[in-house]
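A.B. asks: As given, the protein sequences belong to chains Y and A, one line each in that order.
Using my numbering, read the first sequence as starting at 1 and increasing by one per residue.
Using my numbering, read the second sequence as starting at 1 and increasing by one per residue.
Misleading hints may appear alongside valid ones.
[Claimed, not checked] Below 25 Å or equal to it, Euclidean Cα-Cα: the simulated DSS-like pairs (lysine-lysine) are:
(1) A/Lys100 x A/Lys112
(2) A/Lys100 x Y/Lys68
(3) A/Lys56 x A/Lys77
(4) A/Lys60 x A/Lys77
(5) A/Lys100 x Y/Lys24
(6) Y/Lys78 x Y/Lys68
(7) Y/Lys78 x Y/Lys24
(8) A/Lys100 x A/Lys52
(9) Y/Lys78 x A/Lys100
None of these hints come from the bench; they were simulated from the model.
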Amino acid sequence: DAGVIQSPRHEVTEMGQEVTLRCKPISGHDYLFWYRQTMMRGLELLIYFNNNVPIDDSGMPEDRFSAKMPNASFSTLKIQPSEPRDSAVYFCASSFGQGALETQYFGPGTRLLVL
Amino acid sequence: GNSVTQMEGPVTLSEEAFLTINCTYTATGYPSLFWYVQYPGEGLQLLLKATKADDKGSNKGFEATYRKETTSFHLEKGSVQVSDSAVYFCALSPREYGNKLVFGAGTILRVKS
Numbered sequence: 001d002a003g004v005i006q007s008p009r010h011e012v013t014e015m016g017q018e019v020t021l022r023c024k025p026i027s028g029h030d031y032l033f034w035y036r037q038t039m040m041r042g043l044e045l046l047i048y049f050n051n052n053v054p055i056d057d058s059g060m061p062e063d064r065f066s067a068k069m070p071n072a073s074f075s076t077l078k079i080q081p082s083e084p085r086d087s088a089v090y091f092c093a094s095s096f097g098q099g100a101l102e103t104q105y106f107g108p109g110t111r112l113l114v115l
Numbered sequence: 001g002n003s004v005t006q007m008e009g010p011v012t013l014s015e016e017a018f019l020t021i022n023c024t025y026t027a028t029g030y031p032s033l034f035w036y037v038q039y040p041g042e043g044l045q046l047l048l049k050a051t052k053a054d055d056k057g058s059n060k061g062f063e064a065t066y067r068k069e070t071t072s073f074h075l076e077k078g079s080v081q082v083s084d085s086a087v088y089f090c091a092l093s094p095r096e097y098g099n100k101l102v103f104g105a106g107t108i109l110r111v112k113s
């Protein structure tokens, strides 16, 4: 199994530019999660999907952030316009089945730097 | 609300030393508890989990016991190795929120040979 795949692994952009992060979950998984990791705030859940439908987006910081899951094998997290405070590592994770017991499998992350 | 508090790091140990990383939680109801590990440059991996009071999760020599009376889930290992150097995250999943995970701040562990 290839695991959760994220791209790009590193992104450097300038303030005001649009940034798109991509995620391919593990095949057959029905939950997909987007997290942000920073030194100041730790690991935060931004949004999660079940069967491609957004379930909880209460962690999305503001309207500049949007996430989509057009099909079971692909999701994007978009920041438009980007700001320096968006610099962080963004993780995608996926899991199978409902409930607190299900293991989430994390991708390697995208390290974003906004100048 | 739901939150997780971990001991601050970094924790620096010599190889074969005993490891304890403290974790306490605040939650409504009875959450499931997890320890995840993040090796340098990688995503998080599940290390162990426990779903109810007095359950003990264990994996790769690590173990943690779900203590409801002290709302704790401390991570222990009897003899650490250099390869255990990583960041360790304690997390809970509130039962009313399904798959949602709430993470602690993470504790850096450095093991010297």
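A.B. asks: Decide, hint by hint, whether the structure agrees.
C.D. replies: How the hints compare with the structure:
Simply put, lysine 100 of chain A and lysine 112 of chain A have alpha-carbon atoms about 35 Å apart, too far for the 25 Å limit, and the pair is violated. Taken as a hint, the lysine 100 of chain A and lysine 68 of chain Y pair is honoured in the structure, with Cα atoms around 18 Å apart against an allowance of 25 Å. A C-alpha spacing of about 13 Å is found between lysine 56 of chain A and lysine 77 of chain A, which places the hinted pair at or below 25 Å, so the restraint holds. At roughly 9 Å between alpha-carbon atoms, lysine 60 of chain A and lysine 77 of chain A fall within 25 Å of each other, so this suggested pair holds.
Proposed proximity of lysine 100 of chain A and lysine 24 of chain Y is supported: the alpha carbons are some 19 Å apart, at most 25 Å. Using a Cα cut-off of 25 Å, the hinted pair lysine 78 of chain Y and lysine 68 of chain Y holds, with the two alpha carbons roughly 8 Å apart. Restraint check for lysine 78 of chain Y and lysine 24 of chain Y: satisfied, since their Cα atoms lie roughly 15 Å apart, inside the 25 Å limit. For a cut-off of 25 Å, the pair hint linking lysine 100 of chain A to lysine 52 of chain A stands: about 17 Å separates their Cα positions.
At roughly 21 Å between alpha-carbon atoms, lysine 78 of chain Y and lysine 100 of chain A fall within 25 Å of each other, so this suggested pair holds.
In summary, the structure is inconsistent with hint 1 from the numbered list given earlier, while agreeing with all the others.
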